[in-house]
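Trainee: Chains as they are written, first to last, in the working numbering: chain A, 1 to 456; chain B, 1 to 162; chain C, 1 to 339.
Certain hints may be false.
[Unchecked claim] Partial chain B-side listing against chain C, Cβ under 10 Å, derived:
| no. | residue |
| --- | --- |
| 1 | GLY46 |
| 2 | CYS47 |
| 3 | TYR97 |
| 4 | GLY102 |
| 5 | GLU125 |
| 6 | GLU129 |
| 7 | ILE135 |
| 8 | CYS136 |
No lab work stands behind these hints, which were simulated from the structure alone.
Glycine included, each C-beta is placed from N, C-alpha and C at the ideal position.
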Amino acid sequence: MGANVLEKAAEKKYRVVGQSVPRRDGMGHVTGTTKFVGDVHYPGMLHLKMVRSPVPHAKINGIDFSEAEKVPGFVRVLTHRDVPKNIYTILCLIGVGPDDEPVLAVDKVRYQGEPIAAILAETEEAALEAVAKVKLDLEELPAVFDVEEALKPGAPIVADTGVNYFIYEGHHCRRVRYGDVEAGFAQADFIVEETYNTKPIEHAPTETTGCVAKPEADGRVTVHTNTQALYFSLDNTALILQVPFQKLHFVGGTVGGGFGGKVDVITEPITTLAAMKTGRPVKFIYSRAEEMQVSSPRSAWRLKYKDGVMKDGRIVARQITSYADAGAYNRHTPYAVTKHAANVAGPYTIPNVHIDAHCVFTNHTPGSAFRGFGVTMASFAIELQMDKIAATVGLDPWTIRFINAYRNGDVRPHRKVAEDVTFIETMQAAAKLAGHELPEHLLAMNSWDRNGGQHD
Amino acid sequence: MASKVVSFTLNGRETEVMVKPLTTLQVVLREQLGHTATKTGCRQGGCGSCTVLLNGEPVLSCLLPAEDVAGQQVTTLEGLTPIDGLHPVQRAFFDHYAVQCGYCSPGMILTTKALLDRNPTPSREEIVEAISGNICRCTGYTAIIEAVEAAAQALKGGQNGR
Amino acid sequence: MGVNMTKVRGQGMAAINYPTGMNLGGDPSQALIHASTTGNFIISLSSTDLGQGLKTVIAQIGAETLGVPFDTVIIDTADTDTGPHCMGTFASRATHRVGNAVMMAANEAKKALLDVAADELEASPDDLELDGNGSIVVKGVPDRSISVIDTALAAHFKHGKTIAGRGIYMKPKSKVDPLTGEMDPDSTEAHACTVAEVEVDTETGEVKVLSLKSAYEVGQQVNPALVEGQIVGGALMGIGHALYETTNPYYPAIDHGPLNFSDYLMPGPAELPEMESVVLEFPSSNGPYGVKGVGEMTANCPIPAIVNAINNALGVRITTLPVTPEVVLRALEEKAAQA
Chain A
1 MGANVLEKAA EKKYRVVGQS VPRRDGMGHV TGTTKFVGDV HYPGMLHLKM VRSPVPHAKI
61 NGIDFSEAEK VPGFVRVLTH RDVPKNIYTI LCLIGVGPDD EPVLAVDKVR YQGEPIAAIL
121 AETEEAALEA VAKVKLDLEE LPAVFDVEEA LKPGAPIVAD TGVNYFIYEG HHCRRVRYGD
181 VEAGFAQADF IVEETYNTKP IEHAPTETTG CVAKPEADGR VTVHTNTQAL YFSLDNTALI
241 LQVPFQKLHF VGGTVGGGFG GKVDVITEPI TTLAAMKTGR PVKFIYSRAE EMQVSSPRSA
301 WRLKYKDGVM KDGRIVARQI TSYADAGAYN RHTPYAVTKH AANVAGPYTI PNVHIDAHCV
361 FTNHTPGSAF RGFGVTMASF AIELQMDKIA ATVGLDPWTI RFINAYRNGD VRPHRKVAED
421 VTFIETMQAA AKLAGHELPE HLLAMNSWDR NGGQHD
Chain B
1 MASKVVSFTL NGRETEVMVK PLTTLQVVLR EQLGHTATKT GCRQGGCGSC TVLLNGEPVL
61 SCLLPAEDVA GQQVTTLEGL TPIDGLHPVQ RAFFDHYAVQ CGYCSPGMIL TTKALLDRNP
121 TPSREEIVEA ISGNICRCTG YTAIIEAVEA AAQALKGGQN GR
Chain C
1 MGVNMTKVRG QGMAAINYPT GMNLGGDPSQ ALIHASTTGN FIISLSSTDL GQGLKTVIAQ
61 IGAETLGVPF DTVIIDTADT DTGPHCMGTF ASRATHRVGN AVMMAANEAK KALLDVAADE
121 LEASPDDLEL DGNGSIVVKG VPDRSISVID TALAAHFKHG KTIAGRGIYM KPKSKVDPLT
181 GEMDPDSTEA HACTVAEVEV DTETGEVKVL SLKSAYEVGQ QVNPALVEGQ IVGGALMGIG
241 HALYETTNPY YPAIDHGPLN FSDYLMPGPA ELPEMESVVL EFPSSNGPYG VKGVGEMTAN
301 CPIPAIVNAI NNALGVRITT LPVTPEVVLR ALEEKAAQA
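Just chain A, with the same shape it has in the complex (with noise of 0.2 Å):
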């Protein structure tokens, strides 16, 4: 079929779909004229900077504003006791949880950079000369790092919940179960194991985060905000505000660059309340080093991959056990997890299958959506492994990954049966650009009939 689905698409003569039309906001771009949110400025404005933790973790004996309050410009501060529902809430709304974070810290605070109270001031250079003023009184506990030590008995514990991992329906990870791995690697001529590490990654937009909040003469406020998801930051907003959603209105849609960075919902609730609490509009925009270190990174990965494989290349059985460091709360990890659980195996066919992958709660920042969410790493780690494969059974990279390739029909790991499955025309037409021959077996092959006939 793959032949003909490629000439019923050349045939489609769409008059627009298909056409490199130019940007509808390219004109507003190149002449600088696009609103960002950083460019809206409202007068009377005031300007939310945070208290942040020093530490990675520690309890919060007292807080002392006195000398922050006598800033010429200080307006006022917010501690955890302003916001209503002092909770995010991004992982309820689809129906995740508990949700674990604080707007603004209580007790204690779990990474470097968590926000304890904000200070609105007239200026942002009096709301930062505050925030440098304000006293922590924080009594340091051991913290811990390592996602595999933050598994141990005994190791700090960073979550309310006592143990240090997310749990899937009462699992302490969410599990994928295919066949039989055991009896896979007993029939397998060779065992390769291998294990994968990463390290948090920034988004870097070239725009930082943030929104500024108006309130309006009806009693609603309106808020503006580079968000990736309009609805989903209204709605946690008045949740944590505990205000009607209908006393909110969120414009946006003009984002300067996301990359699953701008999806935590993370300064429009306390922006809002602040605008709440002094009626005046108020601005709270990331500085980059906020994003850089406070803003959720690519949460940084261990996976730990055993593969059986056959001489001829056939891998007959897949476990990994894989670790996705959330930092110190939830925010979407443990979603990234379940997505990472569907395609951590690979887009290979592969009869017995046998998956662990854990959402580790760690002293780190959280982290969150990134560009690839809980695949990225998955396919770093994945294709490594089939290099070593490779190697191992003596068989170019190429072949081992034809061998194994998954096709249309196929059953996955997860059961679902694989449909839209292009995998070996992709690597078909990758082998011809880069000038690399592939043998005539190769090129016989097809996403549709695992006989090397073709499919109608």
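Following the hints, complete the assembly by docking chains B and C onto the known chain A.
Mentor: Coordinates of chains B and C only, in the frame set by chain A:
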């Protein structure tokens, strides 16, 4: 320290503004004069999104005290845009998909304008060097380099920029 | 030993799949369309453009389905007082989900438009078609036609009818079986394969990516130039992830975290390799016009391809990211120690 009046030429117009000591040109342009094409990607001199032209040369307005521009010529992207249509550099960026999110575009376009003013026929290496201080996270720079090359061609062909 | 003696080259490849859509579904997006009496169609959304080009591709899908000129389709996004619900721009879902919603809305609006035009032309709606240039014509009778704007004016002032449409797309939420992991975690699969060529300086540990040659299969492309923008931009991000980037250079330790662009290293234009790509289009079964999605996947294939190329060049097996000069030199030391 008291505020003082700073006079300079902004996009060809005489401009006077009351400036607090150490206020950056970026803040004066954006917050006092409403010229928000000048962006604020890092305010550390690291990203180039705040680039403006000072007497035709690209400078980082986030690091420049506004008092230092007294008596000088400042050009922002607002000043590059002609009344009708686009400057050839803007046109090239638009045509070549050299903008994605658009946040680096003002700085990138002004940096390009300055490059082509002093070197109308830059090599690829010279283009790369000129834009190296301007961070773009979206495009992978290829389209931007192509746009600079196209702008150089267009300007050579007599479509005069200012 | 000459300077060039320290530089070795290697080639590596990788191939990946990438799933479209918020993995377990339950992520609806809506679109509303109405014709104004200006001759424009306004598509109201609350979806966001991160730079990938949503405002453009959605206007293309709307114009295609309505059969009207691209320039007459206005995108009004994103405002929660005027735009209906959208789950957001992430998970490579926007073109797929919002595009489907827009197609549904556009079909309803088109039907309303043709009903009015049929009255005006004294023809059956089934015999009418939009010519893509702003007119509705009787099939096979080109001189029997009415412009879209005249139809919109007639609908409003003469017939007292609206020309509007509503659309929504939702993949029902899938539950995960906690014991087996059985789930339905995606809507469709896009694919990529990259061949990377690198040069490694064994003296300094520095890696230079010489070329990236990739094939992408992303379903029907709505706007090939924007797809190319994702591929090239993602490739450079992939080089960054492979070789330079981290917020915790001594991870798991948290010290020396970069706070600015001088310390957080990203590839610049000087690090651009030779890049070439081909795009295959196998339409998906459920995307608008067969769209799959390309937003997220474009860094994923270059990363392992580059690291495989480094391992190929050096005869080592580096297994960590990023592959900094220090990582390269340590791998070479280990190799020397084993020899």
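Trainee: Are the hints correct? Go through all of them and say.
Mentor: Each hint, compared with the structure:
1. The restraint placing B:GLY46 at the interface with chain C holds, with a minimum CB-CB distance near 3 Å, inside the 10 Å limit.
2. Hint status for B:CYS47 relative to chain C: holds, with the closest Cβ pair at about 6 Å, below 10 Å.
3. Of the supplied interface hints, the one on B:TYR97 holds, with its beta-carbon coming within about 5 Å of a beta-carbon of chain C, less than 10 Å.
4. Hint status for B:GLY102 relative to chain C: holds, with the closest Cβ pair at about 7 Å, below 10 Å.
5. The beta carbon of B:GLU125 comes within 9 Å of a beta carbon in chain C, closer than 10 Å, and the hint placing it at the interface holds.
6. With 10 Å as the threshold, the beta carbon of B:GLU129 comes within range of chain C, its nearest partner Cβ sitting at about 8 Å, so the hint holds.
7. Of the supplied interface hints, the one on B:ILE135 holds, with its beta-carbon coming within about 6 Å of a beta-carbon of chain C, less than 10 Å.
8. A least Cβ separation of about 8 Å between B:CYS136 and chain C falls short of the 10 Å threshold, and the interface hint therefore holds.
Comparing the model with each numbered hint stated earlier shows that all of them hold.
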